[in-house]
Amino acid sequence: MASPLFPIETHAFAGVLEAKSASLLRKLTRKSPQAGITSASHLEIRPSPETASFGIRQVDALTGGLPRGCLTEVSGADSSGRTSLMLSALAAATCREEICALIDVSDAFDPHSAAAAGVDLGRLLWVRCGSHAQASALSRRRRQPASLQEWERRRMEDPVEQALRATDLLLQSSGFGMVAIDLAGTAPKMARRIPLTTWFRFRRAVENTPAILLVIGVESCTQSCASLAVEISRQETSRQSSVVSSRFSVLSSQSSFFREEHSSSRGEGCRDQDGPAKKPPHTELLTEIEIQLAVVRSRNERKAMQSVGNFATKTAWTA
Amino acid sequence: MPFACIFVPDFPAEAILRAEPGLRSQAVAVLEGKPPLQKVYAVNENARRAGIEPGMAKIQLEALTEIVLRPRSALQETAAHAALLDCAQSFSPRVEDTAPDTVILDLSGLESLFGSLPKIARDIARRTSDLGLEANVATAFNPDTARFAARGFSGVTVIAEGKEAERMGNLPLDVLFPELTSPEPCEAAARLLETFDLWGVRNFRALCALPEVALSERLGRRGVGLQQLARGATSRTLVPVDPPLIFEEAMELDHPLVLLEPLAFLLAHMLDQLCARLAARALAVQELRLQLHLDNGFHFVEDVVCGDVDPDSNIHYQQNAEVLRFAQDDNTEPSGASTTETRFPRATRNVKLETRNSTFTRTVELPIPMLDAKVFLKLLQLDLKAHPPGAPILKVHLSATPAQPRTTQGGLFLPPTPEPEKLELTLARIAGMVGEGKVGSLQLLDSHRPEAFRMQRFVPVEPSGKKEEGASDNSRAPVTALRIFRPALRAAVTLHDGKPAHVICNKRKEIHGDIIWIAGPWRSSGDWWEQDGWARDEWDIALQSSVASRQSSAITSRQTSVGSKSFGDKNSLALFRLVHDLLSGHWFVEGTYD
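Top to bottom, those sequences are chains A and B.
So the number in the numbering used here is just where the residue sits in the first sequence, counting from 1, plus 20.
So the number in the numbering used here is just where the residue sits in the second sequence, counting from 1, plus 1.
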């Protein structure tokens with residue numbers, strides 16, 4: 021039963037309140053370009069980006085694929101498999117008849133590895149930075165620039181600077197299915213000096229385009245700009261030996277060994293603390309590297325069942 | 002059969018104005034001859050109104066301040082004539098190259114394609130104007146009538162069939178004698194014209210009215226022929242030419258050009274002209290060639306001529322504009338320009354002052370035929386910025402290799418490809434940053450030599466829409482990649498039992514330590530019959546380095562700090578390829594497996 025004291029006023033007051041709140045809501049929801057206020061109901065739902073294959077089944081299952089129109093970062097230590105992952109992604113892209121570009125900051129690209137990985141070299145643009153700049157980088161350490169022009173000249177010769185400018189130009193020209201920046205050979209402190217605004221600009225450049233921007237490096241330097249960030253390393257052994265703490269498979273010419281036998285032992289041909297190598301090195305053959313992948317950041321709506329996955333890369337002579 | 006004639010009055014002056022459009026509103030006179038005896042060869046309409054006529058001496062013009070004088074340029078006249086032919090060829094395949102300033106086209110069958118004869122004539126005039134030439138265009142039903150109408154009437158003239166005598170009746174008789182307009186006129190034509198003038202016959206109508214028999218008796222067949230021409234009663238077939246596909250533009254500069262920015266303006270104009278000519282012929286550019294004649298300054302050239310020994314030698318001191326001959330003479334005056342000597346000393350030293358010119362050539366090859374003047378200008382600018390000429394520029398010569406334009410059709414479901422024009426500019430800019438030969442696509446060479454590949458021009462392969470067999474993305478295992486160190490890193494290797502046991506590389510701290518695992522060697526060699534033969538042993542090694550472990554620790558610590566799963570804690574091994582050069586005996590670390 022309504023309060024006897026304010027039966028009519030409550031209803032009226034509630035009605036007035038309702039009308040006022042509705043009016044206020046209408047005003048708020050009306051777009052105000054000067055104030056830049058957009059109501060939550062008018063915010064666009066960002067659709068999940070279309071993805072393309074990495075070329076590795078396990079990685080695709082883990083990450084959902086390379087997102088188009090986004091920045092993807094792969095980071096890991098030396099010999100962790102970053103370059104193999106990048107070549108695999110390039111091979112998948114060129115198989116899809118997309119034109120790709122590789123910005124090679126340290127001029128470390130091996131064409132034969134790429135051909136073995138299945139990259140169509142006719143569809144790959146290779147930009148080799150830093151080969152003539154490395155000499156000037158050496159001299160830069162020895163003496164300070166004499167003038168602003170000299171400093172500007174040296175800055176333009178810096179391989180990282182060249183790579184960023186080349187990436188800018190390539191993203192602006194559009195039409196590329198994938199642009200890969202190889203910072204794996206760049207010292208982490210040099211990569212960290214790349215301003216975040218640069219990565220934001222690159223991300224904006226590929227937004228709403230079908231292009232994939234892939235960056236590989238030692239450490240993560242794109243931070244929140246990357247829509248997909250992955251860390252990669254060689255898979256740890258189940259039973260660690262005192263010396264061998266990482267896994268790579270080796271085939272001996274005398275007999276075939278399973279992976280477990282290799283990992284449990286000191287490794288054929290490996291030196292250990294107990295004694296010299298048991299077999300001559302020419303009987304050994306590097307066959308594969310087992311790699312572990314972890315998703316650090318992903319903007320996919322559908323989360324993967326797990327965030328860590330494994331896969332193995334085969335060497336070219338055993339693939 | 003209808004014909005059209007394109008006539009460019011004051012052709013030498015028009016050729017100059019085509020290269021310098023800014024002078025069109027001024028009085029321009031073209032000079033020919035060696036200084037100081039230069040004479041006016043051609044003038045434009047403004048100069049004619051100012052009272053300047055061909056044949057006047059240069060000295061007579063020096064009093065006039067508003068006149069612009071230019072030397073005659075055969076290069077620009079050739080380019081202008083080529084442009085005229087291109088314009089004609091864009092309308093009709095049958096074109097007669099009648100004179101440097103006149104071309105005649107056969108318009109048979111073109112009315113259904115281009116419209117009526119007046120429209121065709123207007124289109125021809127407009128296209129000629131687009132090519133930088135102001136021309137008179139006339140159409141008639143015989144080629145000679147068209148020619149005389151173009152010479153006699155300015156602008157666009159259309160003469161209907163049967164109306165030739167009526168339309169051309171008031172034309173003066175000197176139109177029948179084109180050779181009279183040259184600075185060295187033909188005497189026979191001048192005499193004939195004088196005869197007609199004495200008779201009181203001064204126009205076509207009067208000539209047509211003369212009795213044919215009487216004219217024949219007095220002037221012979223030449224006179225009758227002229228009467229037929231005046232009546233428009235002649236008929237002849239055109240002698241068509243097939244002009245070669247040469248597209249060149251050239252410009253000689255009055256003053257040497259030092260900066261590249263003004264050169265860009267010149268190049269822009271020349272490229273516009275070239276592209277207009279190519280577009281008229283429905284062609285595109287495959288290759289651009291820029292030739293700059295440079296002024297490398299003066300230098301002394303000394304010739305020593307050994308002669309008979311003469312104790313009473315006298316050497317004359319002479320000087321003229323080009324030769325300085327140092328001489329020694331006690332008694333005689335300098336003999337002026339004469340170069341003869343009566344006696345010579347033991348050795349005569351002739352020192353000449355000569356100009357040193359050289360040619361600087363740059364070629365821009367395009368991956369596909371293009372026709373965009375702005376893109377060409379940008380490409381040339383980027384190329385000249387990367388390879389500056391190094392000396393002032395005296396003459397600019399630009400030529401284009403024509404090709405059929407590219408015809409492609411994009412597909413709705415095909416992956417996008419870069420636009421060729423944009424891509425070419427982008428690649429030129431990147432090449433300017435990283436260096437020539439450092440951007441492009443790869444071609445593997447058929448050799449086992451290390452680094453057996455070649456960089457080549459990047460030409461995107463057009464997508465076919467067909468997926469390759471076995472190109473399934475996940476069908477095969479990924480391949481372990483090798484990262485190459487360029488140049489290879491010199492290493493100091495300690496051997497144990499004939500195999501590497503310890504590696505030190507000064508340039509890379511991470512390549513330092515005992516070799517944990519080793520495989521090899523794999524020996525390869527080749528080109529032993531060449532001077533640059535090679536022989537090497539390759540080893541695959543695993544090193545445990547402190548730098549690599551620091552990298553892994555850094556990654557691990559960040560993972561731990563953000564709560565992510567830790568993995569690869571002690572992943573500090575790195576795999577390298579070690580190479581022993583058997584010829585030099587040195588050890589190198591060639592790359593790392595990653």
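Calculated from the structure, these hints are not laboratory results.
These numbers were taken from a predicted model, which means no experiment stands behind them.
Be a bit skeptical, because a hint or two may be false.
What the hints assert, rightly or not - Rough simulated footprint, nothing fancy, chain A against chain B, three-plus residues with beta-carbon under 8 Å:
| no. | region |
| --- | --- |
| 1 | 42-53 |
| 2 | 413-424 |
| 3 | 451-465 |
| 4 | 480-493 |
| 5 | 573-579 |
Unchecked claim - Straight line, CA to CA, 25 Å or less: simulated DMTMM-like cross-link-like pairs of lysine to aspartate or glutamate:
| no. | chain 1 | residue 1 | chain 2 | residue 2 |
| --- | --- | --- | --- | --- |
| 6 | B | 423 | A | 227 |
| 7 | B | 396 | B | 511 |
| 8 | A | 334 | B | 538 |
| 9 | B | 35 | B | 288 |
| 10 | B | 508 | A | 188 |
| 11 | B | 439 | A | 227 |
| 12 | B | 375 | A | 227 |
| 13 | B | 439 | A | 178 |
| 14 | B | 375 | B | 511 |
| 15 | A | 209 | B | 33 |
| 16 | B | 375 | B | 538 |
Heads up, the beta-carbon is just placed ideally off N, CA and C, and yes, glycines get one too.
For each hint, the structure was consulted:
A count of 0 residues in the region 42-53 of chain B with a Cβ less than 8 Å from any Cβ of chain A is obtained; the coverage claim is therefore unmet, three being the minimum. With 8 residues having a beta carbon nearer than 8 Å to a beta carbon of chain A, the region 413-424 of chain B meets the requirement of three or more and the stated coverage holds. Counting residues of the region 451-465 of chain B whose beta carbon lies closer than 8 Å to any beta carbon of chain A gives 7, which reaches the threshold of three, so the coverage claim holds. Under the rule that three or more residues need a Cβ within less than 8 Å of chain A, the assignment of the region 480-493 of chain B holds, with 8 such residues.
For the region 573-579 of chain B, the stated coverage by chain A is satisfied: 4 residues place a CB nearer than 8 Å to a CB of that chain, which reaches the threshold of 3. Simply put, residue 423 (chain B) and residue 227 (chain A) have alpha-carbon atoms about 20 Å apart, close enough for the 25 Å limit, and the pair holds. For the suggested pair residue 396 (chain B) and residue 511 (chain B), the alpha carbons sit about 57 Å apart, so the restraint of at most 25 Å is broken. Under the criterion of a C-alpha separation no larger than 25 Å, the hint pairing residue 334 (chain A) with residue 538 (chain B) is consistent with the structure, at around 22 Å.
Our distance criterion of 25 Å between C-alpha atoms is broken by residue 35 (chain B) and residue 288 (chain B), whose separation comes to about 37 Å. Annotation: proposed proximity of residue 508 (chain B) to residue 188 (chain A) is violated, straight-line Cα distance about 31 Å (limit 25 Å). With a C-alpha separation of about 28 Å, the suggested pair residue 439 (chain B) and residue 227 (chain A) falls outside the 25 Å cut-off, and the hint is violated. With a C-alpha separation of about 29 Å, the suggested pair residue 375 (chain B) and residue 227 (chain A) falls outside the 25 Å cut-off, and the hint is violated.
With a C-alpha separation of about 15 Å, the suggested pairing of residue 439 (chain B) with residue 178 (chain A) holds against the 25 Å cut-off. For the proposed pair residue 375 (chain B) and residue 511 (chain B), the alpha carbon gap of about 50 Å is over 25 Å, so the pair is violated. Between residue 209 (chain A) and residue 33 (chain B) the CA atoms are separated by roughly 70 Å; this puts the pair beyond 25 Å, and the hint is violated. Proximity of residue 375 (chain B) to residue 538 (chain B) is assessed by CA-CA distance (about 53 Å); at most 25 Å being required, the pair is judged violated.
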